[in-house]
Amino acid sequence: MARIGIFIDALQGSIPISFRESITAFIQGIPHIAFCVEEENLTSSEGLDRMTKSIKAGGADRIVIVGGSPKNYEASFHKWGYLVPLNPYLFAVANVREQALWQMVDENAAIERAKAVVAKTIRMVSASHALEAQSLPLKPEVLVIGGGIVGISIAQELAKTKINVTLLERGKGLGGSALDLRKFYNRPEEVRKWMDEKVSGVSRVPNITVITQAELKRLDGHVGRFQAKIRRHDGTETLHPTSAIVVATGYAAQREAKGIYGHKKVIVLPEMGKLLSEATDSSLLWEGKKVEMVAFVLDGVNEDIKVDSINAIKQGLLLQETLGCQVAILCKDVKVAAEGMERLYRKAREKGVLFFKYEEPPKLSIVNGQIQVDVRDTAAIQKKEQWPVSLLCDLIVVSEAFTPTPETESLSGLLKLHLGSRGFLMEDNPQLLRVRSNRRGIFVAGACRFPQEVSESLIEARAVAQEVIALLSKGAYDYDLAVAEVDPKKCAVCYTCPRLCPHSAITVEKYAERNIYSPPGAGDETKWGAAKVDPVACYGCGICVAECPAKAITLHHETDEQIYAQMGFRD
Amino acid sequence: MEKKDVLIVGGGISGITVALELAQLGIPTALVERESAIGGLSASFCCKASESCNKCFACVVDKRISEIRGRQNISIFTETEPTGLNGNPGDYTISLKKGKQREDLKVSAIVVAAGIDPYEASQKAEYGYGQFKNVITAKDLDEMLRYQGRLFRPSDGKLPKTIAFFQCVGSRDESIGNLYCSQVCCAYALRLIKAIRYQYSEVKATFLYMDIQPAGASFQEFLTSCRADKGIRLIRSLPSKVYYSPLSENLRVRFIDPEKGELAEESFDLIVLSVGMVLNKDAKPLAQLLGLTFTEDGFIAPPAPDSGVFVTGACSGPKDIDRSILHAKSTAFHVYQYLKGRN
Amino acid sequence: MSVFDPKIVAFCCDQSGYAAADMAGTLKLKLPKNVEIVRVPCAGRIETIYLLKALEKGADGVLIFACYEENCQFLRGNLRARGRLSYAHRMLEKIGLEKERLEICHLATNSGTKLAEALQRKSEQLRKLGPNPIK
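Chains as they are written, first to last, in my numbering: chain V, 45 to 615; chain C, 2 to 344; chain F, -16 to 118.
Derived from the structure by calculation, the hints contain no laboratory data.
A few of these clues could be false.
[Unchecked claim] Listed next, the in silico DSS-like pairs over lysine-lysine satisfying Cα-Cα at most 25 Å (straight line):
| id | chain 1 | residue 1 | chain 2 | residue 2 |
| --- | --- | --- | --- | --- |
| 1 | F | Lys111 | V | Lys159 |
| 2 | F | Lys77 | V | Lys159 |
| 3 | C | Lys4 | V | Lys518 |
| 4 | V | Lys595 | F | Lys36 |
| 5 | V | Lys358 | V | Lys401 |
| 6 | V | Lys115 | F | Lys11 |
| 7 | F | Lys11 | C | Lys64 |
| 8 | F | Lys40 | V | Lys595 |
| 9 | F | Lys13 | C | Lys64 |
| 10 | C | Lys231 | V | Lys401 |
| 11 | V | Lys242 | C | Lys99 |
| 12 | C | Lys341 | V | Lys518 |
| 13 | C | Lys231 | C | Lys162 |
| 14 | C | Lys107 | V | Lys376 |
| 15 | V | Lys518 | C | Lys5 |
| 16 | C | Lys134 | C | Lys107 |
| 17 | F | Lys36 | F | Lys77 |
| 18 | F | Lys16 | V | Lys115 |
| 19 | V | Lys376 | C | Lys231 |
| 20 | V | Lys159 | F | Lys82 |
| 21 | V | Lys407 | C | Lys64 |
| 22 | F | Lys11 | V | Lys159 |
| 23 | C | Lys261 | V | Lys183 |
| 24 | C | Lys242 | V | Lys401 |
| 25 | C | Lys341 | V | Lys204 |
| 26 | V | Lys115 | F | Lys82 |
| 27 | V | Lys376 | C | Lys205 |
| 28 | V | Lys159 | F | Lys118 |
| 29 | V | Lys401 | C | Lys261 |
| 30 | C | Lys107 | C | Lys4 |
| 31 | F | Lys11 | C | Lys159 |
| 32 | C | Lys4 | C | Lys99 |
| 33 | V | Lys534 | F | Lys36 |
| 34 | V | Lys333 | V | Lys395 |
| 35 | V | Lys206 | C | Lys341 |
| 36 | F | Lys13 | C | Lys159 |
| 37 | V | Lys159 | F | Lys16 |
| 38 | C | Lys140 | F | Lys11 |
Build the full structure now, drawing on both the sequences and the hints.
As structure tokens, this is what we get:
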């Protein structure tokens, strides 16, 4: 029989005395109440001590706090558990401040409402069960998929904290797309030197194992107990257990090669970067001829990627200032949303770089061996002055389309990660923030999520390192069983729940000993498959519970009973 | 005297994120906030969804705030500010004051997350903010939608049928010396427009801009839907002055009409100024107290790596909520490394 | 029609509806009297039978508060709730109950004003519709 202890929180006077007295009087009439006291500062350590004393003295086995929103109390009682000698799930909050006192027009209505809320909270907590917490030991092992600049940085940061990292790379060597970087425009170090140091730095670290020319073939298990099967290009396969996975597989760049865009005088931004790094004296040569007029044609494919605009301005300024070229930059909008870019943009204009903002895409044609760019300049005020401008150029620089790598789709299938609307990993859901994925223990960083500048990707790398360390630092993952559980006797193996679970926490396995369909006379050693929810990977959302046609799944902290109790019907 | 590992100055989204991340690593922190409630500027933002989420991240801030309440290893001090600093890197004693009370705290590391203020729109006298009732800032509009739940003109309480949004107020402006882009205002204003037009489809908006900067998630699709919306005019022309007619209470604005290709003058029921970001006014004395310097653009420059002082969030340079959270996580990592390196 | 306070059962998803209800309280917005708030971890937890049981037990209307599309903490819960609501609507049609008694409203954590407005609007609508004939 339940013995419920009730604490009424005055919340620094925001619940008036008359109100509290009415509630106390109401509670006196309810059975199974062990005690009812008023308290203050419940989440402070002194408050918790006083509560512990009251609970022991009153012999209560579950408690209700009558006060404000549960969100004020839960951090102290639910998740960081056992601060009072009671199971954190034998606890409920009657929200009489935000949802009764403050929402009703007059005090009488508020008191009636508060009484209803208190009554149903008491019913709800009477239907609660104690839920135990468990601990899953986590080995400090991480698999990083992708050996580009982000993968390398993450591996190095994690290795510093004594985590064993396996760095998996599909290609022959490390570096990824950053190997195409030829020039840092605002840092004195040479890119090649910086990249070489980073790449060789990785091989020197003892607890980073680099595996190149290999791919992920299969992934089983859940956080803390992943089993990754890696297949090398020579056919050998190895099994790697790991606690967490980081995906940093990068992006692919596609350049438009049809028609005039395939002309040899049309190059892409990384190629221009290469040219600039190789230019020795004060002029630029392309195919042996001096380059005098360069036009950058941007925003043809990506409108929301800043990197192109930033690189174009930096490259344009260099060409104009030191290599004696006349540069024109054509774009829909000049993207200066990065540190120092507005100043660079003004400097470029001062030095003579021409900027044209267009609405209709510029047309390219070949005239006497040079490329002519026709654009309508929208900056002119009078429409009659908006003549089409024609530029005869020696070189045209265009942006490439940023697309996901061809392996992204199959990788998302192997890892059971979601894909966004453009095919990059993980849809844009603000609740998942930047580096998390739909699965616990799998993190996504860098351009495989969305292409961005190198400096931003490096910040993401450190944020991932922070998340991984937060997961592994205690050596164990503490979780409670406030998650879904399948009753194997009722499971008909219809495969609805594994397909539905957004966190891929359900698998069908042979672990159940019997289900209702076992034939008579079958021995006890017959193991039947049933759906199994991994308690560590489950987020407790309840989607599977609601969908199961056989009602075989229970969500332990939100059972049907508790929900019906909340509906407020005297059943 | 109390001792904590880390002191975080500033209880906005960046400060809260650093505190939560360090708490996950088992590092106790003290969070100090000047106002009477934590949350900072972004806690006053409204939800900018239309038929589906528009990825403005405002709800994420509210979630983080409720996550931090009642946590045992994060001590939150509101209405408190630092007044003095003594000691050496790794072993600082910081003096705090709350009203008349004074207290000292020993910390190993300090994180500055002081945040930003919206640019003071009244300094652009030609726009008439503070003089004309129906000229408001984007922050005023946000608060109106969040706390009142409806859109109305301050002068008569009626629904404005036409709204003009002026971009780049206080940013990219040589005349006031703010030579930087505040990065978030274009996306922010467009999301507000979309949210308003979803709730009140008869409202027509005119977006007057210089260059549209991408920010937040799924921006390409979002911008395409804005361009396709017949009730939104995107015009690349910044107005120089707002004209007020006391007889009709009209606000008139001159800009280049792209259709006709000539100067046009139109009246609007409501004018919203998208103000840029400047460093929070209390962050300057704080930075000086802690021996920090400023960047060319007036934000706090990154401190020396071994100083034990870290700067995070928008006070180090304009950022939206998404990037502030990411930056705060990265800063928490640096703090963790620093503390480990000292032991 | 006599004036009555329609009983509304409001299923509030913890991430959006419940937080919005708290915010409505903080802003001292007034809600209709006869509202029962049911807190669920995600709108995806709401089974079709809960919606129908609520009506069976005497509620005049049911309102589900769920997150916006692409804003669900658990990614798809809000869409599943929508699907189950359509299913419940088809059942109501078959038994001759008005579809307006079951509705879904999308909002976010900080949409206190929207929640108050939605409940007031529903209360008015149900007042005009009349009490649940099953009662």
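Here's how the hints hold up against the structure:
| no. | hint | verdict |
| --- | --- | --- |
| 1 | F:Lys111 - V:Lys159 | violated (28 Å) |
| 2 | F:Lys77 - V:Lys159 | violated (37 Å) |
| 3 | C:Lys4 - V:Lys518 | holds (23 Å) |
| 4 | V:Lys595 - F:Lys36 | holds (16 Å) |
| 5 | V:Lys358 - V:Lys401 | holds (18 Å) |
| 6 | V:Lys115 - F:Lys11 | holds (18 Å) |
| 7 | F:Lys11 - C:Lys64 | holds (20 Å) |
| 8 | F:Lys40 - V:Lys595 | holds (21 Å) |
| 9 | F:Lys13 - C:Lys64 | holds (23 Å) |
| 10 | C:Lys231 - V:Lys401 | holds (22 Å) |
| 11 | V:Lys242 - C:Lys99 | violated (48 Å) |
| 12 | C:Lys341 - V:Lys518 | holds (15 Å) |
| 13 | C:Lys231 - C:Lys162 | holds (14 Å) |
| 14 | C:Lys107 - V:Lys376 | violated (53 Å) |
| 15 | V:Lys518 - C:Lys5 | holds (20 Å) |
| 16 | C:Lys134 - C:Lys107 | violated (49 Å) |
| 17 | F:Lys36 - F:Lys77 | holds (16 Å) |
| 18 | F:Lys16 - V:Lys115 | holds (23 Å) |
| 19 | V:Lys376 - C:Lys231 | holds (20 Å) |
| 20 | V:Lys159 - F:Lys82 | violated (31 Å) |
| 21 | V:Lys407 - C:Lys64 | violated (49 Å) |
| 22 | F:Lys11 - V:Lys159 | holds (19 Å) |
| 23 | C:Lys261 - V:Lys183 | violated (68 Å) |
| 24 | C:Lys242 - V:Lys401 | holds (24 Å) |
| 25 | C:Lys341 - V:Lys204 | holds (11 Å) |
| 26 | V:Lys115 - F:Lys82 | violated (34 Å) |
| 27 | V:Lys376 - C:Lys205 | holds (24 Å) |
| 28 | V:Lys159 - F:Lys118 | holds (23 Å) |
| 29 | V:Lys401 - C:Lys261 | holds (18 Å) |
| 30 | C:Lys107 - C:Lys4 | holds (5 Å) |
| 31 | F:Lys11 - C:Lys159 | holds (23 Å) |
| 32 | C:Lys4 - C:Lys99 | holds (18 Å) |
| 33 | V:Lys534 - F:Lys36 | holds (23 Å) |
| 34 | V:Lys333 - V:Lys395 | holds (24 Å) |
| 35 | V:Lys206 - C:Lys341 | holds (12 Å) |
| 36 | F:Lys13 - C:Lys159 | holds (22 Å) |
| 37 | V:Lys159 - F:Lys16 | holds (13 Å) |
| 38 | C:Lys140 - F:Lys11 | holds (22 Å) |
Of the numbered hints stated above, those contradicted by the structure are hints 1, 2, 11, 14, 16, 20, 21, 23, 26, listed in ascending order.
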